[in-house]
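Asker: Here is what each chain is made of, one letter per residue.
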Amino acid sequence: MAHRGPVSTPGRGFLRSLVTLVVAWGLLPGCGDHTSVGPRVAEEGSATVVSLSPAITTTMVDLGETDRLVGRTPWCRGIDDRPVVGTLEGVDAEILVALQPGVVLHQPPASGTDPVLVGLQERLGFRLGGGRLDGVRDLLVLLDQIEGMELAAPDRIRQRRLSLEAIGACEIPDEAPGAVLLYSVDSVGVAGEDTYLGELGRAAGLRNLAGPGGWREWSIEMLLSAEADVVIAFTTPEMESFAQERLAAIEWLKSPAIAVITNPNAFEPSTRMPEVLAELRRGLEEAGVTSAGADDGSIEGEVERGA
Amino acid sequence: MEHEGRSRSRWGGIVVLMVLVLLVVAGRYLLGRTIGDGGETMIRFGIPTGTVIDLRISAILSGFIAGSALGLSGLAFQVLLRNPLASPWVLGVSSGAGFGILLASWLAGLGGVWAVIGAWALWGAGLPAAAAGAIAAILVVGGVARRLGGFDPVGLVLCGVIVGAVFGAATMLVQHLVPNGVRGDIVAWMMGRIPELSPAWMLWGGAVMVVGIGLLGVLKSPQLDAACLTEDEARSVGVPIDALRRSLFVTGGLLAAVAVCMVGPIAFVGLLSPHAARLVVGPRHRLLVPASLLAGGGVLVFADAVRQLVDLGGGRLPVGVVTAMVGGPIFLALLLRGRAGS
Chain A
1 MAHRGPVSTP
11 GRGFLRSLVT
21 LVVAWGLLPG
31 CGDHTSVGPR
41 VAEEGSATVV
51 SLSPAITTTM
61 VDLGETDRLV
71 GRTPWCRGID
81 DRPVVGTLEG
91 VDAEILVALQ
101 PGVVLHQPPA
111 SGTDPVLVGL
121 QERLGFRLGG
131 GRLDGVRDLL
141 VLLDQIEGME
151 LAAPDRIRQR
161 RLSLEAIGAC
171 EIPDEAPGAV
181 LLYSVDSVGV
191 AGEDTYLGEL
201 GRAAGLRNLA
211 GPGGWREWSI
221 EMLLSAEADV
231 VIAFTTPEME
241 SFAQERLAAI
251 EWLKSPAIAV
261 ITNPNAFEPS
271 TRMPEVLAEL
281 RRGLEEAGVT
291 SAGADDGSIE
301 GEVERGA
Chain B
1 MEHEGRSRSR
11 WGGIVVLMVL
21 VLLVVAGRYL
31 LGRTIGDGGE
41 TMIRFGIPTG
51 TVIDLRISAI
61 LSGFIAGSAL
71 GLSGLAFQVL
81 LRNPLASPWV
91 LGVSSGAGFG
101 ILLASWLAGL
111 GGVWAVIGAW
121 ALWGAGLPAA
131 AAGAIAAILV
141 VGGVARRLGG
151 FDPVGLVLCG
161 VIVGAVFGAA
171 TMLVQHLVPN
181 GVRGDIVAWM
191 MGRIPELSPA
201 WMLWGGAVMV
211 VGIGLLGVLK
221 SPQLDAACLT
231 EDEARSVGVP
241 IDALRRSLFV
251 TGGLLAAVAV
261 CMVGPIAFVG
271 LLSPHAARLV
281 VGPRHRLLVP
291 ASLLAGGGVL
301 VFADAVRQLV
311 DLGGGRLPVG
321 VVTAMVGGPI
331 FLALLLRGRA
341 GS
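Line order of the protein sequences matches chains A and B.
Using the numbering used here, you'd call the opening residue of the first sequence number 1 and step up by one each time.
Using the numbering used here, you'd call the opening residue of the second sequence number 1 and step up by one each time.
Looking at chain B on its own, in the form it has when it is part of the complex (with noise of 0.2 Å):
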């Protein structure tokens, strides 16, 4: 009787969260700006009419499915670790992704042989140069693991922080080697975007992607609740635990690969959006793997929102920054609020 009850409670959460990412999508939606009688910015709410309907469904869609990765991402690697604060950008894989769209881009401009290579790796938004970049640091960061006694989460978030730091260094090493004028472009990516204009094969793939992994994760979700256990309780159930990890790790990485191409590689949603959901919907993972899919959708189009409010002179802010400024406190949020009601 008493499972019932938080059964349907449950569900309930999982309407209510429906229900917030509908309101936050609505006002995406409504929410804009123009231009003023006297030619100042001005935000307008209301209902968008012509090109504008285009760019604001557009800034949504790609809001949404980024963020949606970033969620699911963020979930395959808490799930990985068994740590709730785990993410991409933990693992370093953000970074690496990053790190690779970054490299075929300076390829590119280096003509010749390498800059076929480049063009090649910037193909399809630098999905190829992403997903390398974020295999390489699942590759570094499981091989290293592995080497130090298995899947050990503590050891992987230590050797995740580490090639982290290295990408970045990388990184670093990139913005360095490129003309002057250049910098600020990448300086601007770091800090993420979301286009108003993405070109539907993207949209399409990117949904595809997300919409295929969030079910599989919710048909495998008796084996992602058993890998939240200890080692020998998930294996004393059947699960083969070393073989889920190894998929966890490289679906979290292409998930993570496929929103850095989207929207540049942007922190914080990963981390706060599992967690978010957990906190409304429970462990089990047949309503987690969708809840965290909704809330990361949903955290990164309300960023989107609140950056057409802010203009400090200098234009919308990055949405990098607003999921930071945001995500935070609303982060911080939900675990007092998880703490009082346990």
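The following block holds chain A by itself, in its conformation from the complex (with noise of 0.2 Å):
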């Protein structure tokens, strides 16, 4: 049984209390004993990476540097057998202090880097690179990047430099075919001009008739009701087939050029953007729709000659 003598009063000596110890959290200054333990330097042109990034690992193992990576994330291709660093939940710090990695290579969200990544950096002394891969013009910024730690050979970078940059330089005539570029079939998915996957719309002819806006959900109503004269899909080879009857059973208002591309790169912004748009003027031509083909050749020459 419980207590059952009288008791004094609790309620504002607690809260009181209580407000002393919330002033404490805040007050506590940052004093966070950050001993190194000896940062690793790595010797110039052969330090080792580890990619927290897909699209990056994807540009990396594109410009031959295969052998440099140590540690992926779950989702990056091409390096299987390399551990596993970074998740969904975080960086694994202590796989991360085992690989000793000269560089870490990453794609920070909005709210900024991972403060236990700092963390790391500061010990271990790893060079920390990438940024956000929302287009073209970012890919350029982590080429520089690349080309300035000394992670990849000179001229092949700048090989995918012209590419790339012959792709953000596209620009479209008025007459051009309208087209609306879908991510995702199942809910409809559309990837507005601004995004890496507009830009290779742009590239490939297409005037795209989502306008700005980044990655937007419509409805069918509104695919419908944009009657546009090509509609593409993005998505994988497992899933061509559910895109293909999907857009098939659509009633549309007027019947769109309607073409699957089921390239893997074309669901990462990296320097393999040229390989996609190369795919999408197949689709295209598949398809029965002449573009603008806003390209001097130089775009697929480079693709052909990194082959």
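Take these hints with a grain of salt, some might be off.
Examples of chain A residues lying across from chain B (beta carbon under 7 Å, computed) [stated by the list, open to error]:
1. P74
2. G90
3. A93
4. A98
5. L99
6. P109
7. R158
8. L162
9. G214
I should point out that these hints are in silico values taken from the structure, not numbers from a laboratory.
Nothing here was measured: the structure is a model prediction, and the numbers come from that model.
By construction, the Cβ of each residue, glycine as well, lies at the ideal position given by its N, Cα and C atoms.
Two chains, each in its own frame: build the complex with the hints.
Answerer: This is the structure we're talking about:
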């Protein structure tokens, strides 16, 4: 049985003590003892790299630097034998310590770089690179960083830069076919002209009917009312037939040409964008779309030379 | 004589709990992951060296402090509702705190004056934002409950469930509004994470708050005991029950906000820990408060240790998944054992 005697008033005194504790939290100064254990300085030109971004991994692999990559995320392609260092949950700090990379490349979220990563950088002494990758401009900045850190051969970087600059510089005439670019078919996910898929569409000579506004969800009604000349669905090989069936099942007001692109590189902005562009052009050709083809041939030319 | 024996066994219970927590902490300290000779990820069991020592101590402290905060928060709400299955989640407080941080992060990305407001709210690991969200949830739940006729436990639970659902929807709204690439970060944060490097001020601040509130709870344990009686009985022994409930409301909300700041909105620990502690040390709050503190910390550190062992190819499991998957069966086992014992 619980206490039965008279008891004192707890309310105000208790709350006053609580306020003191809250103030204590706020007043405690930042006094972390970040003792370094001796940073590992990688030799020039031979730094090992942990990539915490699938797009950056693809870029490094594309630049021929697969051997440099010692750690990855679960979603990175082409280096399945390397340990997973970063997940949705964050960085696995002990794995990063064990790998002792010279460089960590990442795509920080809008809220900024993971404080754990910053703390580990102070302790382990690796260089931290990367940044947001929303399109061609960001990729060019990434290439500058990779070149500055001497993580890839300069001539390869130059090649890729030329291809990307050609994509970024494309302009579309008003009479170009109007297109809707879908990154998802099940729920209608549309890529605006300010996304990297939008940049690819522009480079393929298409007028993006979604306008600016990034990645958005449309209703099928909106898709119909856009009255596109061409609808392009970017999807995986496994989902190709589903996407085709789904788009074929729609009763279009004005039947568009439909192209389904299954290049896995379409799902991340990397230096393989020219490869996706080449496939997009093939898809448009097969669908019978004659686009303006705003390209002087340098983009595909670079892809072929790179291959 | 019988009372003395029971009291001794209760103290024995808290000693057993302390030993268990020490074992869990030692286990987490010795357990980590490294890279094998072939480049594969391996579980490493042994005394850490170098930087790894700091990483493990930081993870243990973060997990223990956040878990303790959740344990005490759960206890506060269980006393408040006179229901051993209440938790910060049931009252929508964790959802409110989580929404507060996400809203501040979104505002910070908008630019202009919104960015200034967002940045301010994210100060101190987001404590102002989390506390504001938790307090908003408390005010709504408390306000509606009052209009329904006071701090009625059933009314509070119903309000809490609805407020939690509304904050959940608001969280989805923020997810909808942020750019595509940021949604993954929000999902990751919602799964919970135990940072392996935390600023010292956060660890100290959290520890001072948790220990301080724990001590206050022990000092006020007679009132807390009385609060578990019927309202009339509590008043008859001189407990100003409304004031006490207000204190518990604020304390529980603040502790939940601290935990959300440190490790994200992790469910289940606040529910499991006080209940488990009650089975070990009984219903008296003189022991139940420190036992809930220990149990909460122990559960989260244990979950962190378990996730070092489980890698399904995508790296370590998020801690929120482990707390639910490990905590659920343990909770059921404790419940069944408690029933069998009684």
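Asker: Find the hints from earlier in the document that the structure breaks and name them by number, from lowest to highest.
Answerer: Going through the list in order, the structure violates hints 7 and 8 and respects the others.
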